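Engineer: Whenever a hint applies, use it, and build me the whole structure from the sequences.
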Amino acid sequence: MRYNLFVHNKTLTEQQYQALANLRYVIRKFLHFSESAARQAGVEPQQHQLMLAIKGLPEGAKPTIGEIAERLQVQHNTAVELVNRAEAAGYVRRMKDRDDKRQVLVWLTDQGERVLDMLSAIHMSELKVMGPQLIQALESIVKEDMYSK
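Here full-length UniProt numbering is used: position 13 in the sequence shown is 13, and no number is missing along the way.
These are calculated hints, taken from the structure and not from any lab test. Being a predicted model, the structure only gives us computed values, none of them experimental. The beta carbon of each residue, even a glycine, is placed where N, CA and C say it ideally should be. A hint or two may mislead.
Computed beta-carbon distance windows for the label pairs [claimed, not checked]: (1) Q75 to Q103: 26 to 32 angstroms; (2) Q18 to G56: 31 to 37 angstroms; (3) E70 to L127: 48 to 54 angstroms; (4) Q103 to P132: 38 to 44 angstroms; (5) L20 to N84: 33 to 39 angstroms; (6) Q40 to K128: 15 to 21 angstroms; (7) Q103 to Q15: 48 to 54 angstroms; (8) E59 to R24: 29 to 35 angstroms; (9) E126 to Q103: 34 to 40 angstroms.
Structural biologist: Set out below in structure tokens:
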């Protein structure tokens, strides 16, 4: 997604810059936690994200490489490489789509399910701690028009 960086001609206040910086800080703290938890479980952080993306697909969505790439916001070839590594590690398997033999679907293995269950429980616990910080950081931005002075 591209943005025109010159559309807005109003300057933000110091408070608004602080709110944006704080939001990024809290998000980065959670991402750091998430990456560390995955590594401690012996999983590449990207593999954890892959497993979560597959398990958390909206109802009716198929776990194709294209859908996975979209969910992870990566290029198609990057998603293929990630699936290759996760398959080699035993976390996912590929199967041809019964309805469309041209498509390959990616499913979690039993091992992938176990690892994801453990990591998801840890993440939910951490979100109970960090959730209020995330909410507060977002509310400080959305409660007012970002460009008002």
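Engineer: Are the hints correct? Go through all of them and say.
Structural biologist: A quick look at each hint next to the structure:
no.: 1; hint: Q75 to Q103: 26 to 32 angstroms; result: violated, 18 angstroms
no.: 2; hint: Q18 to G56: 31 to 37 angstroms; result: holds, 32 angstroms
no.: 3; hint: E70 to L127: 48 to 54 angstroms; result: violated, 24 angstroms
no.: 4; hint: Q103 to P132: 38 to 44 angstroms; result: holds, 42 angstroms
no.: 5; hint: L20 to N84: 33 to 39 angstroms; result: holds, 37 angstroms
no.: 6; hint: Q40 to K128: 15 to 21 angstroms; result: holds, 19 angstroms
no.: 7; hint: Q103 to Q15: 48 to 54 angstroms; result: holds, 49 angstroms
no.: 8; hint: E59 to R24: 29 to 35 angstroms; result: holds, 32 angstroms
no.: 9; hint: E126 to Q103: 34 to 40 angstroms; result: holds, 35 angstroms
Violated hints, in rising order: 1 and 3; the structure is consistent with all others.
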